[in-house]
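Start from the sequences and build out the full structure, keeping to the hints where you can.
There are 2 protein chains.
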Amino acid sequence: VEAQDSARLQELMEPFHAADIADLLEQVDDDDRRALIALMGDEFDGDILSELAEGVREDVIAALAPQVLSQAVLELESDDVVDLIEDLEEPTQETILEILEASDRVAVEQALSLPEYSAGRLMQREVVMAPEHWSVGEAIDYMRAHDDLPEQFYHIVLVDPRLRPVGQTTLGKIMSSRREVKLADIVEESFRTFRVDEEEGDVAYAFNQYHLISAPVTDGEGRLVGVITIDDAMIVLQEENEEDIRRLAGIGVESLNDRTLTIVRQRFPWLFVNLITAILASLVIAQFEETIGAIVALAVLMPIVASMGGNAGTQSLTVAVRSLATRDLTGSNAIRVLRREIVAGLVNGCVFAILMGIIGFLWFGTPMLGAVIATAMVINLVIAGLAGILIPLTLDKVGVDPALASGVFVTTVTDVMGFFVFLGLAGIFLI
Amino acid sequence: VEAQDSARLQELMEPFHAADIADLLEQVDDDDRRALIALMGDEFDGDILSELAEGVREDVIAALAPQVLSQAVLELESDDVVDLIEDLEEPTQETILEILEASDRVAVEQALSLPEYSAGRLMQREVVMAPEHWSVGEAIDYMRAHDDLPEQFYHIVLVDPRLRPVGQTTLGKIMSSRREVKLADIVEESFRTFRVDEEEGDVAYAFNQYHLISAPVTDGEGRLVGVITIDDAMIVLQEENEEDIRRLAGIGVESLNDRTLTIVRQRFPWLFVNLITAILASLVIAQFEETIGAIVALAVLMPIVASMGGNAGTQSLTVAVRSLATRDLTGSNAIRVLRREIVAGLVNGCVFAILMGIIGFLWFGTPMLGAVIATAMVINLVIAGLAGILIPLTLDKVGVDPALASGVFVTTVTDVMGFFVFLGLAGIFLI
Numbered sequence: 008v009e010a011q012d013s014a015r016l017q018e019l020m021e022p023f024h025a026a027d028i029a030d031l032l033e034q035v036d037d038d039d040r041r042a043l044i045a046l047m048g049d050e051f052d053g054d055i056l057s058e059l060a061e062g063v064r065e066d067v068i069a070a071l072a073p074q075v076l077s078q079a080v081l082e083l084e085s086d087d088v089v090d091l092i093e094d095l096e097e098p099t100q101e102t103i104l105e106i107l108e109a110s111d112r113v114a115v116e117q118a119l120s121l122p123e124y125s126a127g128r129l130m131q132r133e134v135v136m137a138p139e140h141w142s143v144g145e146a147i148d149y150m151r152a153h154d155d156l157p158e159q160f161y162h163i164v165l166v167d168p169r170l171r172p173v174g175q176t177t178l179g180k181i182m183s184s185r186r187e188v189k190l191a192d193i194v195e196e197s198f199r200t201f202r203v204d205e206e207e208g209d210v211a212y213a214f215n216q217y218h219l220i221s222a223p224v225t226d227g228e229g230r231l232v233g234v235i236t237i238d239d240a241m242i243v244l245q246e247e248n249e250e251d252i253r254r255l256a257g258i259g260v261e262s263l264n265d266r267t268l269t270i271v272r273q274r275f276p277w278l279f280v281n282l283i284t285a286i287l288a289s290l291v292i293a294q295f296e297e298t299i300g301a302i303v304a305l306a307v308l309m310p311i312v313a314s315m316g317g318n319a320g321t322q323s324l325t326v327a328v329r330s331l332a333t334r335d336l337t338g339s340n341a342i343r344v345l346r347r348e349i350v351a352g353l354v355n356g357c358v359f360a361i362l363m364g365i366i367g368f369l370w371f372g373t374p375m376l377g378a379v380i381a382t383a384m385v386i387n388l389v390i391a392g393l394a395g396i397l398i399p400l401t402l403d404k405v406g407v408d409p410a411l412a413s414g415v416f417v418t419t420v421t422d423v424m425g426f427f428v429f430l431g432l433a434g435i436f437l438i
Numbered sequence: 008v009e010a011q012d013s014a015r016l017q018e019l020m021e022p023f024h025a026a027d028i029a030d031l032l033e034q035v036d037d038d039d040r041r042a043l044i045a046l047m048g049d050e051f052d053g054d055i056l057s058e059l060a061e062g063v064r065e066d067v068i069a070a071l072a073p074q075v076l077s078q079a080v081l082e083l084e085s086d087d088v089v090d091l092i093e094d095l096e097e098p099t100q101e102t103i104l105e106i107l108e109a110s111d112r113v114a115v116e117q118a119l120s121l122p123e124y125s126a127g128r129l130m131q132r133e134v135v136m137a138p139e140h141w142s143v144g145e146a147i148d149y150m151r152a153h154d155d156l157p158e159q160f161y162h163i164v165l166v167d168p169r170l171r172p173v174g175q176t177t178l179g180k181i182m183s184s185r186r187e188v189k190l191a192d193i194v195e196e197s198f199r200t201f202r203v204d205e206e207e208g209d210v211a212y213a214f215n216q217y218h219l220i221s222a223p224v225t226d227g228e229g230r231l232v233g234v235i236t237i238d239d240a241m242i243v244l245q246e247e248n249e250e251d252i253r254r255l256a257g258i259g260v261e262s263l264n265d266r267t268l269t270i271v272r273q274r275f276p277w278l279f280v281n282l283i284t285a286i287l288a289s290l291v292i293a294q295f296e297e298t299i300g301a302i303v304a305l306a307v308l309m310p311i312v313a314s315m316g317g318n319a320g321t322q323s324l325t326v327a328v329r330s331l332a333t334r335d336l337t338g339s340n341a342i343r344v345l346r347r348e349i350v351a352g353l354v355n356g357c358v359f360a361i362l363m364g365i366i367g368f369l370w371f372g373t374p375m376l377g378a379v380i381a382t383a384m385v386i387n388l389v390i391a392g393l394a395g396i397l398i399p400l401t402l403d404k405v406g407v408d409p410a411l412a413s414g415v416f417v418t419t420v421t422d423v424m425g426f427f428v429f430l431g432l433a434g435i436f437l438i
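Note that the protein sequences, when read in sequence, are chains A and B.
Everything in the first sequence is counted per our numbering, starting at 8 for the first residue and increasing by one.
Everything in the second sequence is counted per our numbering, starting at 8 for the first residue and increasing by one.
Keep in mind that the hints were calculated from the coordinates and are not lab data.
Note that the structure is a prediction, hence the values are computed from the model and not measured.
Wrong hints could be hidden among the right ones.
Identical copies carry no separate label here, and so any pair may be met within one copy or between two of them.
Unchecked claim - Straight line, CA to CA, 25 Å or less: simulated SDA-like cross-link-like pairs of lysine to any residue:
1. Lys-189 x Tyr-149
2. Lys-404 x Asp-36
3. Lys-189 x Ala-152
4. Lys-189 x Gln-159
5. Lys-404 x Gln-34
6. Lys-404 x Leu-31
7. Lys-189 x Leu-156
8. Lys-189 x Gly-144
9. Lys-404 x Glu-261
10. Lys-404 x Asp-27
11. Lys-404 x Asn-264
12. Lys-404 x Asp-148
13. Lys-404 x Glu-33
14. Lys-404 x Val-35
15. Lys-404 x Asp-30
16. Lys-189 x Pro-138
Written out as structure tokens, the structure is:
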């Protein structure tokens, strides 16, 4: 790259997949990125744009010469263009829509008018369908006669006269059946359709749960309008997991490619909430200033109780949040799970209480201090188990994403209760 | 169920997918589960066994009458049997292997002899292949003539005379081409094969990165031995994400179905490690006992500095761990990411320093106390950003899963440094 050797670069890049080139563009810094794009010249694969992370995509589009951009965009299928532009800013969206041919533009605009994160955004409009009464032979002849079939398809969807899907047959089954066999006789056993306005998360869940490969999408009247394939569902599932992980850690949708200011802004709110809860915990400590003034050892030991509670709470809440996400935790087993958490908190609490009681006694030579920290430990670990399950469940019930907010609430509870129980018991029994 | 009405139950269950029945069996408690299984009678779908979580699967197998179990297992394809039994205990494995017919038993035992989490365990052995010189017509005739084709397949793999895969053609392309077209002329552009001993994580990554639908698996000599499809890759990807989330939270592979004792044992090690790091932090506080004795306000404020550092550190480390998992964080951009984290820590640190400085001053009326907590805040947030990136990177370099261990290290650093800097500065400037 440094030698500005464009021909050599194109030769080097030739064997790489668009996804890898996109990764490369994401990893280099701004100047190198612009230099690379300039060197890649007129041959810019449209797929690279689709593969780029959103932050970088905007930059790359701005760096491309208009005619190179046109060529790249025209290569893409219409559902890829939707993916490409749905998260871009208005002016960039406009630029790309203007490049498209009229018919494609209408399709893209139509897709963009559907609610975000819906099945309609996910689907491709190109579907191979056949009337339900067709035979294998008729289907094969039809496919032979059409050279505008989608690039990838795995099923033929059978539709009734009103274009409502009634079943689907895999290409494999069609291939291995004789020409006179009716398509309707070799349909797949498990068949599911999605409505165009269904949430993409529900679609991805169904693909995962029922091992679907592709499934038809219908409009309000039940007519076939598109098809969703497993690779689209896989991407949604990945995104949802990623979102859960990031929300549990208190970060937004940030990626490695965001500018520093973006990540500062993204992380600020969570840190701010944490500051408030930390001050809340400090207010509890402040109630016991006299007790601490009398026995400074309490200040030394108190973070241990809070920290153990915070950790135990995080363990429980992660299990709860993930079980809610995978729909394993429901009303019917909540009580059983809760009972299990209480017992687990009690058992681990007792073990650590004994351990910490001995350490506290040996360290400061006061048996009563050992007893106080041991009791506080048991109580806080049980509270942690309870809070770790009840808080996500409650948030889920009232419609807040438990991954987003559970962490703050649970650690607030364990911090506040940890300090309160420990210092409170100390005030009663040690002063 | 309470009415013991077996016929009614079967009628109720009829429309449900095996995956849903498995979920139901997981959610009810032990007694109800046994009652349900008894009522389901002789008609136990083998797929339900495959769908069950491991903990419950063992129980259900034990609860099934031997002849019902045989029938259920014999329904399954050989790769499903491998999935089914690979995590079961020896005696249960033996029971099921004995049910199988000789040829299937050999196939299953062969698969089980491959390393766990390898491509070989993931693949199905049934592959549809064709010599590379065949035409579309020959392929279709071949498929028509064979009625033992796999249930689901999407490609025909082209092989050379030594059975080495050289490309693959989608069924869709075959369908839409005329009989005389050579298969070799309609192969897919991007074609990847996996070796039988490749890690399943790498396979899943490639499926996701290159949008593969299915890909051939080869043995040591490069001969075709099986095929991996996207649904298998999707499961692996899900498992890896789940593992990352759970490891970040310090829990093992536990599920809602584990017994209380199992989860106590699983959570204990992490809590124990946390106890040690908490004691480490306490030892730091103990060094400043005199300072705290003189100014008790320090004990009230010190958890705030540590807690903010811990949170900021968790944010950075989650970004780092996920970027490592998705292979976005590499040697080439590590320095840039690190620089970004330092600046982000500095900026957010300054904002919170001002905020906390004012609060500290207003609360306790000592301007110097405000200055001390403000300075400690900035320093600890920068340290948090640094530790949050450097620790996962280092762990990854030395071959430890960063998701597993980063959390402990980062919070230890931010706790220890938080207390040390805050109390140390206080000791110098306030006493």
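Outcome of the hint check:
Within a single copy, Lys-189 and Tyr-149 get their C-alpha atoms as close as 14 Å, and across copies as close as 20 Å, so both meet the 25 Å cut-off. In the homo-oligomer, the alpha carbons of Lys-404 and Asp-36 lie at most 25 Å apart only across protomers (23 Å), although the nearest pairing inside one protomer, at 44 Å, exceeds that limit. Taking the shortest Cα distances, Lys-189 and Ala-152 sit within 25 Å of each other both inside one copy (19 Å) and across copies (18 Å). In this assembly of identical chains, Lys-189 and Gln-159 lie within 25 Å of each other by CA distance both inside one copy and across copies; the values are 23 Å within and 19 Å between.
Taking CA atoms no more than 25 Å apart as the test, Lys-404 paired with Gln-34 passes between copies only; the shortest distance there is 19 Å, against 41 Å inside one copy. For the identical chains of this complex, Lys-404 and Leu-31 are inter-copy neighbours only, at 21 Å across copies versus 43 Å inside a copy, given an alpha-carbon limit of 25 Å. Within a single copy, Lys-189 and Leu-156 get their C-alpha atoms as close as 22 Å, and across copies as close as 19 Å, so both meet the 25 Å cut-off. Taking the shortest Cα distances, Lys-189 and Gly-144 sit within 25 Å of each other both inside one copy (9 Å) and across copies (21 Å).
For a Cα distance limit of 25 Å, the shortest separation of Lys-404 from Glu-261 across copies, 24 Å, qualifies, whereas the shortest one inside one copy, 27 Å, does not. Only between protomers do Lys-404 and Asp-27 lie at most 25 Å apart by alpha-carbon distance; the minimum there is 22 Å, versus 42 Å within a single protomer. Proximity of Lys-404 and Asn-264 under a CA criterion of 25 Å is satisfied inter-copy only: 22 Å between copies versus 35 Å inside one chain copy. With identical chains, the CA atoms of Lys-404 and Asp-148 are never at most 25 Å apart, being 53 Å at best within one copy and 57 Å at best between copies.
In the homo-oligomer, the alpha carbons of Lys-404 and Glu-33 lie at most 25 Å apart only across protomers (22 Å), although the nearest pairing inside one protomer, at 39 Å, exceeds that limit. In this homomeric assembly, Lys-404 and Val-35 come within 25 Å of each other (Cα to Cα) only across copies, at 21 Å, whereas the closest approach inside a single copy is 44 Å. Taking CA atoms no more than 25 Å apart as the test, Lys-404 paired with Asp-30 passes between copies only; the shortest distance there is 20 Å, against 40 Å inside one copy. For a Cα distance limit of 25 Å, the shortest separation of Lys-189 from Pro-138 inside one copy, 11 Å, qualifies, whereas the shortest one across copies, 30 Å, does not.
The structure fails hint 12 only (numbered hints given earlier).
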